[in-house]
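**Student:** Residues per chain, in single letters:
2 protein chains.
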Amino acid sequence: MTNLYELAEIAGNKLISNEIVDIDTINSLKNFISDGGFIGLSQINPIAGNIEYNAKKIAQHIKFAESIGLETVIFPELALMGYPIEDTIDRHPIIVEENIKWLNGLAKITKTTIALVGFVEPRKNDKGKKYYNSVAIMQNGKIQGIIRKSLLPTYSEFNDYRYVEPSLLAGVQDVKTIETGNCVQSSSKLYNGYAITICEDCWNDSDFFDRAIYSTDPIETLAKENPKLFINCSASPTRAKKEQLKHNMLSFIASKYKTPFVYVNQVGAIDNNSFDGASRVYNKDGKLIARAKSFEEQFLIVNPYKNIGKIYPLTKGLDKSLTEQKIFTLEYESDLERTYKTIIQGIRDYFKKCGFKRAVLGLSGGLDSTVCAVLMADAIGKENVFGISMPSHITSKESKSDAELLARNLGINFTEAPIRSMIDTTAECLNNLFMNIETKWGKYYDKECGTFTNEPNNIYSSFTQDNIQARSRAMFLWGISNEFSSCIPIATSDKSELYMGYATINGDMSGGFAPIADVPKTKLFAFARWLNANRDEKNAIPEAIILKKPGAELAIDPKTGKPLIAEDALMPYEFLDEIIWRIENKNESYNDFLDIEFVYEKRNHVSKKQKIEWLDKFYRRMSTALYKWSILPPSVIVEARSINKYDYRQPITSSGINYKGSAKEYIDSILN
Amino acid sequence: MTNLYELAEIAGNKLISNEIVDIDTINSLKNFISDGGFIGLSQINPIAGNIEYNAKKIAQHIKFAESIGLETVIFPELALMGYPIEDTIDRHPIIVEENIKWLNGLAKITKTTIALVGFVEPRKNDKGKKYYNSVAIMQNGKIQGIIRKSLLPTYSEFNDYRYVEPSLLAGVQDVKTIETGNCVQSSSKLYNGYAITICEDCWNDSDFFDRAIYSTDPIETLAKENPKLFINCSASPTRAKKEQLKHNMLSFIASKYKTPFVYVNQVGAIDNNSFDGASRVYNKDGKLIARAKSFEEQFLIVNPYKNIGKIYPLTKGLDKSLTEQKIFTLEYESDLERTYKTIIQGIRDYFKKCGFKRAVLGLSGGLDSTVCAVLMADAIGKENVFGISMPSHITSKESKSDAELLARNLGINFTEAPIRSMIDTTAECLNNLFMNIETKWGKYYDKECGTFTNEPNNIYSSFTQDNIQARSRAMFLWGISNEFSSCIPIATSDKSELYMGYATINGDMSGGFAPIADVPKTKLFAFARWLNANRDEKNAIPEAIILKKPGAELAIDPKTGKPLIAEDALMPYEFLDEIIWRIENKNESYNDFLDIEFVYEKRNHVSKKQKIEWLDKFYRRMSTALYKWSILPPSVIVEARSINKYDYRQPITSSGINYKGSAKEYIDSILN
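Residue numbers (the working numbering), protein chains in the order written: chain A, 1 to 672; chain B, 1 to 672.
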């Protein structure tokens, strides 16, 4: 015999795939929930600004909710618009007009079931920003009241306050004020006993947080009205360590106020933001009683008053992640499933929402391109991925065969394209050109004289020849993108190398999407093993690729006669990744690092001199990498902090920052 | 006999170039201003985050001010840090610690002259953001009080609220609260009778603006204290139409409150922001009595109480610009000097602050690369610019000779690098590769079947061959950049073509800086003529280049047998630029455009059908150009609005936005 959740899943799946839910299923569901108090959590994946697409989806969910007799159906924050929409609404106000038109249409189709639908509300006042971030409470064919977001995040990926005015009031506001945009409370702050808030509005409990960012707490205000239920409409992207915090906070609030809490989150990716869904319900004791799937659309039916709900398993890593650990240990295992799903969703939605269908990437036989190939195959389908091996004279036989084996294991398309003749012709053309230029310009900068000279005055290694290889490969990939419809090249740069500027502009850094730009190299090794163990096709990644020391295979090490290893040019990845992790997660700086014993240092007896050399190199290279970060292709944020340009912004011209700090005596001597 | 301003200029110039001001000049100046009430406006060009560089400069100015007995010396907003610094201070807190150390050092060197120095103030409270945007009032060796910014802009290029807490109080706050970060008023809101505010704090007069963004007006609050002087420390970048607004507003405030107003602005560029300086003083009747130069560092001495000051000429166009005009007329003349100085400063400071010394660019004989060459020569010196002519089989003889003539006229370095062999080899390699791929992948997308096929099913024009040319050229330029020290390539894309995505990734769009990315094509024509008329060397740009119809010279038009003209692939530039201008300046949309008669339309009797075709093409191409905007190299903002990624942000995945809007009947039929 089927139970409520088997039925709900059948119906929910049809709803998600835009199919009609058959009348038998509807009637059975109706029967199951006929004693009332059931609520639908509509965890949808909207397209930013595509109101029609979003509205049609919302309409189907409202009709379904009505058909089975739900008390209420709840959508995520800005469901009609998609979150974030950012400056788009300011430059193209037609989109806001559209969202109002469709909102009014949606209100008309509501009957007894209450629908909570997020939208962008234009304000007509003469003060403040032009919009609110609002939720319409709809019932009986009309908008009955408005909730407006009060707490507007403006950190990391969030920019709400750029276009949204904070609401001065918590709870339900008079629907007539849509005309004016003033804040006027409705006769009650609650609607049907619900205390409704929007996303950040529930993130300011001063008992829970050490440091509350905002001066008001809408939850606290609404709790005084004795609500029967808290509802929060949210659009909260996944980041390392966030789920545990979120769970603890929501559970804390529910039990603090002895009130059940329904939290509905957006799912899907919008550019760099990958939203994890996992909408959930806590009962009045703060106990989790229901949770939707992570990284999937779902229509979840719950009864928060009677503890009826189903808890779908949480993607591993959402609840526990590296950043929880006090010390950097390079143990990434607990976070790898989350990493995988975050990136897969990021790629899939970028392609779908932009209309791309196929991808091409260079397969070097190295770790970066290998992991990218696996992710692309899983995200858009192996038949839609073309791996190109582009060996040069430096490429080892092993790299070539590893790449081919990988492609065969994955079942993606594969071909080899020798780039030798192109590199040779380019190099020849360039050498002729360089000779011409040398007659007028010196190659080397003489710091003492402040002039340029053709006399090498220091050990100078030119990357010109190496980069010709990387750029020739990108030229091939973009050529394929031009020639074959709906196909984009993949940029394979990883986070560690981006921090070091160890990526070639118009080379490996170039592409239509950069899947692993927020994954550090040491994590990629663990990730490769995880992929081998956890994908349906086991061990798709040849062991040799994982064991090999990373190197771009662009130049030969004169000492060994073998291709140069990246760690020789940079520093050990374990050391590098710990610096990055500490800066991003601990706000530590150069001087702190001198006092901290790094894991790599401990394991390998690194000398103080060597450590300082690496630290100096890190800050020097990072300073000059800022330009590269600014032109990095779209990528998805994975870690707690990133260098994604829409998440972190540092002026490129902030050269000469002294990351070590000046001594007080030096300052005094200079100024006095 | 020398007067005050001749002397002040001699001293100021020495100060700006870090030379010692001789004792005779100091004594003469001292004599001139011995009756008191003189104030120094220190219009400096800081480097973001380079505290030491900024502090040394500030120290010199303070010492000079003291030496001649000024009442006060005033620096711009965040003078010690540079504005904007954005997320840098959050990720690298050491920089904030540094700015406090140096601030304390600077305070110690003050004597009787008051110094107002902007800095980032960390807050220790448990609520709110971590920093204030503050000004320290220093005198007699100590910080005497603090001003904290209240109104925090978060639109366009501004992101203050990301990291700064707004001050709840206007005027002087107790210096002891530096320890806590609380807002506690000092015994008086004024210091020495000054009402001091920071930048945006003076931009909210509800009598002046139709729409006040913020709910408080610090100027109004402070005016009640009967100040003898308003002082505003600012960092306000130039944008079209801004100067006129600023002048009117400051003059209005001074006369409204019958109080003189001293406004000190930052100068120099920090990434995309080009600050115009032009610090100034209004007397109590709102009359301008002094103004510093635009786009140059200066130390200006004034007596606001006695109307003593000098008004340096304003860069033309700062006061009057296109956007003032009700109708788009393509008459750009009034804005060209401002455009020139904005970009020159943008280039110069980007190079200087990043440590680059030389630039290389491709000279095609077209308008874009020509204007870029002129700007680069003027910004970094002709000897530091290398123009490379890279003709392909499609390049006309005229283009080649035009490019060479231009280089000769400008005196920049020049050479020719034929790319034919490289293009041929690349094309051959690619064609082999394409044949391999075609066995597995169809080239063309069949919309009806949703599959790919190698049977051309519609008129499909491949840009592959064309783009090989553009990318080969970029490969040469980046090769030179790798081989020759401190040299970066220049991206030559213009604003009109970027809007249309008519720029090749890894081709003409690629480079270390994009000088004309915010200049529309029609303005470039006027700009070229202006450059010919206004530079010391007249007519450097050959007339043929200005007369020629723009085209990338990447493909041959089969109809004419001549290189394709860009307007044929796009639409007439006059029409295109009017769409862009209307969207950016008027917030108009597709439906508005149907009702508006465009200037080009009027002049050329365009049919309704043709107009609709162009409008559809515009929105279709713009939607798919969003990706290109996100990877555009650093550029300087020129117009009132731009597509610079740090000024305007639209999700790339916002595909399927309906810029025409849906009809109400359609919505009803879909939802019901």
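These are computed hints drawn from the structure, not numbers from a lab.
Just to be clear, a hint being listed does not mean it is correct.
The list cannot tell twin chains apart, which means a pair is met if one copy fits it or any two copies do.
What the hints assert, rightly or not - Below are the DSS-like pairs computed for lysine-lysine, each with C-alpha atoms no more than 30 Å apart in a straight line: (1) K586 to K127; (2) K559 to K609; (3) K559 to K608; (4) K609 to K63.
In this text, all values refer to a predicted model and were calculated from it rather than measured experimentally.
**Student:** Which of the numbered hints above does this structure break?
**Tutor:** 4
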